[in-house]
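Work out the full structure, taking the sequences as your base and the hints as a guide.
Protein chains in written order, with our numbering: chain A, 1 to 200; chain B, 1001 to 1215; chain C, 2001 to 2404.
Calculated from the structure, these hints are not laboratory results.
All values derive from a computational prediction rather than experimental measurement.
Where hints are given, some of them may not hold.
To list a few chain B residues with every Cβ distance to chain A over 12 Å, as calculated [claimed, not checked]:
#1 H1035
#2 L1037
#3 D1046
#4 T1068
#5 A1140
#6 M1152
#7 Q1155
#8 P1172
Dumping the calculated BS3-like pairs for lysine-lysine here, alpha-carbon to alpha-carbon at most 27 Å [as the list claims (entries may be wrong)]:
#9 B:K1003 x C:K2244
#10 B:K1088 x C:K2048
#11 B:K1115 x B:K1163
#12 B:K1163 x B:K1088
#13 C:K2324 x C:K2048
#14 C:K2097 x C:K2244
#15 C:K2324 x C:K2309
#16 B:K1163 x C:K2204
#17 A:K142 x A:K182
#18 A:K116 x A:K106
#19 C:K2097 x C:K2145
#20 A:K142 x B:K1169
#21 B:K1169 x A:K106
#22 A:K142 x A:K116
#23 C:K2200 x C:K2145
#24 B:K1003 x C:K2309
#25 A:K106 x A:K142
#26 B:K1088 x B:K1115
#27 C:K2097 x B:K1163
#28 B:K1088 x B:K1003
#29 C:K2181 x C:K2145
Each pair of labels, with its calculated beta carbon distance range [to be verified]:
#30 C:G2335 x A:D110: 49 to 59 Å
#31 C:M2384 x B:S1034: 26 to 36 Å
#32 B:L1174 x C:S2314: 53 to 63 Å
#33 C:V2381 x A:E79: 53 to 63 Å
#34 C:R2047 x A:S177: 49 to 59 Å
#35 C:E2317 x B:E1032: 31 to 41 Å
#36 A:P103 x C:G2335: 54 to 64 Å
#37 A:D110 x C:K2048: 23 to 33 Å
#38 B:E1032 x C:E2065: 26 to 36 Å
#39 C:T2319 x A:G77: 50 to 60 Å
Ideal placement from N, C-alpha and C gives every residue a C-beta, glycine not left out.
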Amino acid sequence: MGSVSAVTSMSDNSAPDLERSQLVLEGSQQGFATTRFEDLLNWARKYSLFQYPFVTACCAMEFMALAGPRFDMARFGAEAPRFSPRQSDLLWVVGTISQRQAPVLKTVYDQMADPKYVIAFGTCASSGGFYDNYTTLPGIDKIIPVDVFVPGCPPRPETVIDGLLLLQDKITRGDRSVGIVKPRVDPVQLRNPVQLRRKA
Amino acid sequence: MSKQVLDRIAQVFGAAILETHSAFGDDTAVVEPSHWLEIARFLRDDPASSMDHFIDLTAVDYPQRSGTRFDVVLHLRSSERLHRVRLKARIGARCANPAADANPAADVAEAALPKIDSLTSVWVGANWFERECFDMFGIAFIGHPDLRRILMYEQFVGYPLRKDYPAAKTQPLLEYRQADNEKLPPFDEHEGMSFGRKTHADRQPGRNLLGFEED
Amino acid sequence: MEPLDVELEDGELELPNDPMQVLMGPAHPAMHGTIRIALELSGETIRKADVQIGYLHRGFEKMCERGTWTQCFPYVDRLNYASPLLNNVGFALAVEKMLSVTVPERCQHYRVALGELARICDHLVCLGAMAMELGAFTPFLYYVKARELIWDVFEEETGARVTHSFGRVGGMALPPTPFFKEMVRSAVPAVLALVDDGEKLLLKNRIFLDRIENVGVMGKDMALALGWTGVVLRATGVPYDVRKSHPYMTYDRYEFEVPVGTRGDCYDRFMCRAEEMRQSARIIEQALDMMADDGPVSIEDPRIVLPAKDEVYSTIEGTIQHFKIVMEGIQVPAGECYSYTEAGNGELGFYIVSDGSGTPYRVRIRPPCFASTQGLERMIVGAMLPDVVPTFGSINMIGGECDH
Ligand code: SF4
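What follows is the structure, encoded as structure tokens:
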């Protein structure tokens, strides 16, 4: 039970109030583990997200990068794309959803089996972005519930990975409230600020 | 672009060419809408012009113009002679019947649409471009084999690229969801960061947001 | 679940033989999420096809009528999102044509170099996606890796990975970084090496070749009448490249060749794209050699180009100039013009109409892949259902551009 003891030793360092959110398996050195059934289930769920990429627009370019070798989403247990909504439990909505596309998205969502999670990838999926016009759906949460919003036009892959981790975190906690990826502060930049403007 | 082509059609069609001009290196002929198809076919078949490459067909809306509201604009190119030409036709009454002003639906009705001949018999490529024009401006192309909306959905009412269509007027196909209020933004302060979030309130004197010492 | 031992009439389990209606897309993985093909099949042969687009119509033309000319750039970026810089440059050239200005030579070379890098990206995306849709995931990874190298250069230059909004009327947003040439010179050979690797994986693969050879054939005359341009047209054997036939910017001064196909099938389109990447690399090299290391990149016209930031803060003229351009927009003389450039997919035209104010009266984009997608129906009718995937992949339909 090497893996269990690894989990245990990790949990030793964690703050007690975070225990519920971080600790899934309470293992012991004696070779058995006790946990709540639903925690175990959530733990399993979060690392085996079968994703359905609903990819429409420019954000797809970043989505490709995310699947590519440099950012490699597979590291986070969200590797296998399933192009059948019935076999997937994470719906990535990547790109602008037009009014015409909306019923399609809704159908795909309805076909997915519970538990299902939705990530809105990019500003367009989250809010319609700067396409404030007659044809664009102002955010997919108008038609389907969303778990995590990832802002950016398009979001950088790092942001998306943040969003994915956030979703996994929420799955562990069994929390279905809305999450949004906020900007992080880059420690390097704070210490030696980068010259952003170029000299002409 | 080619001046000779303009001269040639002006010579052949005479009064059907309303005006020609050249600006910014583009040569334009404004033609009588009733001769639209005829001139287009001539441009393709005449060996001196041989406009076999269909480039673009679109429209421009000038609601303030009286009499002819739309410009239909066609761009052509010759793959052999490498010249280009632009044809324009001014069509459409500003208001076919006075009642249409009061009743927008009448303006949209099939019968009230401005009309022009379809060029699909000359270049097959005109097909989608004309459908797009129909979809966006509500211009009916006579003789088009399959005049349906192309970019918008069937249920859409109105023609979005007309100047009088409000840009932000949506016609949703699906009813919007009524989300629980608590799930909508503004979000909780710590929401979104699995590792917690530092704000300026937590900041210690002499240290930056991440707790590093400030220089 | 139904019991398995139900009594079946004879032949009840068989599929209805003729004709079968299938809707392919828009959520089909090979349809890029933005296109639907209504098919009528007889067995696996396509009898009728109706290609329906518009699932990504975002009202580009309407949105452009609401801001200033400069505010169109972000929208232009998102037309062909595989190569935004080419669109930026195309739009900037259109407005410059109306204003009758020419940017300094350094800027032209800079635009060419960035544009050709973007073209390489575009073709990488197309080939990668095409291979992936045919089940070859590994080459896709090579191509994405190569694209990542180019994006590093872009990020350094423009600050963004995908949507740069870097073009400006009368120049570029910023001058090249001091390391621009060095970065490009080191990135391009690495990219080409990866392209070669990816290609080796594909072109020695019997399955891949069988699926693209003699599939989706299109003839010359039909292609012209359909309004095809760019790679898809050149694959049919028409040597039309805007850069050669109607040179703009400094394209007449570079040495490069235009690859042309013979049969107009998916294989030709694939090979033309691959070869064009190499030609682009040649152009980039020459552009870098010709590009001066210093000098202005923007024209000097206070009515068009924003003043330097320190001037805005310290002089009243600078402030006023900045205010006028930002609030009122660049005043483009009334008139109309059609300007065309060679984008990733073919002739990208902008037909712009100005009423003399700072806001465009009409911006019409002539999307190259709108015309190519129109031809899809002709290529797939009579073919087999699996042929749809490579054919569609090889025309590189980009939703943002095709659906405006
Ligand atoms: S968020 Fe930006 S990049 Fe993403 S689909 Fe919308 S416009 Fe494109």
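We went through each hint and held it up to the structure:
1. H1035: Its Cβ never comes within 12 Å of chain A, the nearest being 35 Å, so this holds.
2. L1037: For L1037 of chain B, whose nearest Cβ neighbour in chain A is about 32 Å away, the distance exceeds 12 Å, so it holds.
3. D1046: Consistent with the label, D1046 of chain B stays out of reach of chain A, its closest Cβ about 41 Å off (over 12 Å).
4. T1068: 25 Å, holds
5. A1140: 21 Å, holds
6. M1152: Given that some Cβ of chain A is not farther than 12 Å from that of M1152 of chain B, nearest at about 7 Å, it is violated.
7. Q1155: 9 Å, violated
8. P1172: Contrary to the label, P1172 of chain B does not stay out of reach of chain A, its closest Cβ about 6 Å off (not over 12 Å).
9. B:K1003 x C:K2244: 22 Å, holds
10. B:K1088 x C:K2048: 35 Å, violated
11. B:K1115 x B:K1163: Holds, because 18 Å separates the two Cα atoms, which is no more than 27 Å.
12. B:K1163 x B:K1088: Roughly 19 Å between the alpha carbons, so the hint for K1163 of chain B and K1088 of chain B holds.
13. C:K2324 x C:K2048: 56 Å, violated
14. C:K2097 x C:K2244: Holds. K2097 of chain C to K2244 of chain C sits at ~19 Å (cutoff 27 Å).
15. C:K2324 x C:K2309: 15 Å, holds
16. B:K1163 x C:K2204: Violated, at about 55 Å.
17. A:K142 x A:K182: Roughly 21 Å between the alpha carbons, so the hint for K142 of chain A and K182 of chain A holds.
18. A:K116 x A:K106: 13 Å, holds
19. C:K2097 x C:K2145: Roughly 37 Å separates the two Cα atoms, so the pair is violated.
20. A:K142 x B:K1169: 16 Å, holds
21. B:K1169 x A:K106: 22 Å, holds
22. A:K142 x A:K116: 17 Å, holds
23. C:K2200 x C:K2145: With Cα atoms ~16 Å apart, K2200 of chain C and K2145 of chain C stay inside 27 Å; holds.
24. B:K1003 x C:K2309: This hinted pair is violated, its Cα atoms lying about 45 Å apart.
25. A:K106 x A:K142: With Cα atoms ~10 Å apart, K106 of chain A and K142 of chain A stay inside 27 Å; holds.
26. B:K1088 x B:K1115: Holds: K1088 of chain B and K1115 of chain B sit about 14 Å apart, inside 27 Å.
27. C:K2097 x B:K1163: 25 Å, holds
28. B:K1088 x B:K1003: Distance ~16 Å between K1088 of chain B and K1003 of chain B Cα, so the pair holds.
29. C:K2181 x C:K2145: 21 Å, holds
30. C:G2335 x A:D110: 49 to 59 Å: 52 Å, holds
31. C:M2384 x B:S1034: 26 to 36 Å: Violated, at about 46 Å.
32. B:L1174 x C:S2314: 53 to 63 Å: 54 Å, holds
33. C:V2381 x A:E79: 53 to 63 Å: 38 Å, violated
34. C:R2047 x A:S177: 49 to 59 Å: 51 Å, holds
35. C:E2317 x B:E1032: 31 to 41 Å: 51 Å, violated
36. A:P103 x C:G2335: 54 to 64 Å: 42 Å, violated
37. A:D110 x C:K2048: 23 to 33 Å: At 30 Å between Cβs, range holds.
38. B:E1032 x C:E2065: 26 to 36 Å: 29 Å, holds
39. C:T2319 x A:G77: 50 to 60 Å: 54 Å, holds
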